[in-house]
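Visitor: In this text, residue positions in the sequence shown follow our numbering: the first is 1, and each later residue adds one.
Hints were generated in silico from the structure; no laboratory data involved. Backbone N, C-alpha and C define an ideal beta-carbon position, used for all residues, glycine too. Check each hint, because a few of them may be wrong.
[Said to hold, decoys possible] Derived DEER-like restraints, expressed as beta-carbon distance ranges: (1) 117 to 85: 34 to 44 Å; (2) 82 to 110: 17 to 27 Å; (3) 216 to 107: 11 to 21 Å; (4) 78 to 147: 14 to 24 Å.
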Amino acid sequence: MLSEGWLELGLRACVMVTVPVIAGAAWGVLRGLRRARPEAPDPVGCVACGEAEVAWIADGVYVCGCGYEGGPGHADWLRAERRRRLAGLPQEQRSALAIAALREARTLAGDADVVLRRLQRSLRAEVSDGSGRESRPWEVDLLSATGTLAQAFAQLELAADGLGGTAPAAPDLRAELWSDQLGQYDLVCVREDLIRARDGVQALQVAADRLAAAADRLAATPEPMAPGGR
Numbered sequence: 001m002l003s004e005g006w007l008e009l010g011l012r013a014c015v016m017v018t019v020p021v022i023a024g025a026a027w028g029v030l031r032g033l034r035r036a037r038p039e040a041p042d043p044v045g046c047v048a049c050g051e052a053e054v055a056w057i058a059d060g061v062y063v064c065g066c067g068y069e070g071g072p073g074h075a076d077w078l079r080a081e082r083r084r085r086l087a088g089l090p091q092e093q094r095s096a097l098a099i100a101a102l103r104e105a106r107t108l109a110g111d112a113d114v115v116l117r118r119l120q121r122s123l124r125a126e127v128s129d130g131s132g133r134e135s136r137p138w139e140v141d142l143l144s145a146t147g148t149l150a151q152a153f154a155q156l157e158l159a160a161d162g163l164g165g166t167a168p169a170a171p172d173l174r175a176e177l178w179s180d181q182l183g184q185y186d187l188v189c190v191r192e193d194l195i196r197a198r199d200g201v202q203a204l205q206v207a208a209d210r211l212a213a214a215a216d217r218l219a220a221t222p223e224p225m226a227p228g229g230r
């Protein structure tokens with residue numbers, strides 16, 4: 001038989017070992033629950049109405065009482081939701097949507113390319129005569145091409161989502177106007193933006209060809225028969 005002293009010592013040892021284990025397990029559960037909740041980044045207000053209290057519905061995504069939905073993760077969340085909805089459509093419908101989006105992307109890319117070529121000719125003429133003319137026509141052309149190219153890449157992304165594929169990122173182009181007169185530094189910036197935009201058009205066209213082939217293969221693939229179907 002163990003003496004009372006040894007029994008008390010054993011009980012204390014059990015408590016000393018068990019309590020940290022239980023506390024650690026409880027902390028792990030709490031951390032898991034915390035991770036399961038939508039992550040709210042640094043406190044921000046609604047960009048639409050300025051309301052500070054917003055409801056976080058997903059990681060980096062909030063909805064405001066005014067009806068606005070946004071946040072730093074909003075674009076990725078919307079694309080994930082779109083992919084989920086597209087995945088539930090029949091293959092034939094997904095293929096048709098992808099082909100239509102690719103057609104629109106190519107049309108927009110062609111429109112942007114026409115404007116970029118015109119801008120390139122204007123830029124060469126300006127550099128050759130050094131007249132320092134007002135930059136407004138160039139700004140309009142470049143901003144127009146930038147906006148059109150962004151729409152083209154959005155359509156390309158839609159096609160990629162419908163096909164379960166990937167699309168290249170749109171080129172990072174400036175979206176603001178310059179001063180009334182172009183200096184040498186501004187000419188360099190315009191030239192760099194022009195090169196990036198032209199590269200973006202080429203990247204889009206290559207990706208569109210690749211996705212078009214995938215859409216054709218998808219359209220030619222028989223729809224998997226449901227279990228028990230005939």
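Visitor: All hints are to be evaluated individually against the structure, with a verdict given for each.
Guide: Cross-check of the supplied hints:
no. : hint                   : result
1   : 117 to 85: 34 to 44 Å  : holds (38 Å)
2   : 82 to 110: 17 to 27 Å  : holds (25 Å)
3   : 216 to 107: 11 to 21 Å : holds (19 Å)
4   : 78 to 147: 14 to 24 Å  : holds (20 Å)
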